[in-house]
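Spelled out, the chains give:
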Amino acid sequence: MYEEDDGFQGGVVKRFMYVNRRAPYGTIYALECLEMVLIAAAFDQDVSVVFIDDGVYQLKKGQDTKGINMKNFSPTFRALEGYEVEKLYVEKESLEARGLTVDDLVVPVEVLSSDELRQVMAAQDVVLGS
Amino acid sequence: MKFGILINEGPFQHQASDTAYQFAKAAIEKGHEIFRVFFYHDGVNNSNRLSEPQSDDRNLVKLWSQLAEEHDLDLVVCVAAALRRGIKDELLAPGFHISGLGQLIEAGIEADRLVVFGD
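Chains as they are written, first to last, in my numbering: chain V, 1 to 130; chain B, 1 to 119.
Okay, chain B solo, but in the shape it has when bound:
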């Protein structure tokens, strides 16, 4: 199946991005396709390469980057949500890129299922 994923929360206040990451990983392992992962609302904070969690904590920004590199994932950060939160190109971790909300609608159209992870 072809999945689209929408993540609406940042990496610390909520578990949404963790759950989405586990979902994406499991889906890929089962042979499904991830059409796109779209980051909206505070979810854009998952792309911030300056984020430095404590050493005994998981680093979701890095985990998403690694997953993207291993499986050629399309990680899209919403431009409108990113700009108001100070997330710009020079702040993005590897594998993320900034684009418009149209990319989310396209994921909704192209994917068999769009799965939303939020509060």
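So that you can see chain V by itself, here it is in the shape it has in the complex:
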């Protein structure tokens, strides 16, 4: 389907940021966004993932999805490190508004204020969200 060798596009590396704004279940956005993240990493791009608004719930520990007959995909976030996706940002305001702290999350993240996040976003080449 596509090339995956290191020489793809002459080794151009761009900063790709994925913005997750939605709860993990209820819509398919979160799951399919994660699929996009994994592909960008396979192309050796400089990938970061942001969680804001209800998107922070995607990282919540202890998800039990048996009752809604959906696959719990939160363990995949723990595998991102193996794909060299290590830049995970969570917006401070979103976390606090939901009564969560970093101890409630399945992976280590960097917590940034809305203003700090704005600056990180402005430094990206490609910002994808859904």
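Everything labelled a hint here was simulated from the structure, so no lab data went into it.
We put the CB at the ideal spot given by N, CA and C, even for glycine.
Heads up, none of these hints are tricks.
Now the in silico label distances, taken between C-beta atoms and shown as ranges:
#1 G67(V) with D56(B): 38 to 46 Å
#2 T19(B) with Y83(V): 31 to 39 Å
#3 K88(B) with A97(V): 36 to 44 Å
#4 D115(V) with D89(B): 43 to 51 Å
#5 P94(B) with N69(V): 33 to 41 Å
#6 D104(V) with Q54(B): 44 to 52 Å
#7 L50(B) with T27(V): 19 to 27 Å
#8 P75(V) with R84(B): 15 to 23 Å
#9 K30(B) with D115(V): 30 to 38 Å
A partial selection of chain B residues facing chain V, derived with a Cβ cut-off under 7 Å:
#10 H41
#11 L101
#12 G108
#13 L114
For this one, chain V is given, so just place chain B on it according to the hints.
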């Protein structure tokens, strides 16, 4: 400028694909290049040639096909998103083809701007 376009919604529930179409048309008219249009999430439904809107409604599937034919646009439908929604080769309107998410990443790398249309 060289644009990549990502469309994340289908032709009816949301306006995203309409807006993307108008954007693409305007960009081409102004002399810009559209490197690729990539359809993801429910956006893959924009490629379904069996879609039959009522006669007084715009037909986005046809509009995309026409724009692709007139300007040699590369309309790529994500294979993973398409398969789970039953979109297969035999269902594709003219000008669309199915390929991998790598085509989206390539658009992000090659285009000067990747513009996302979604909810």
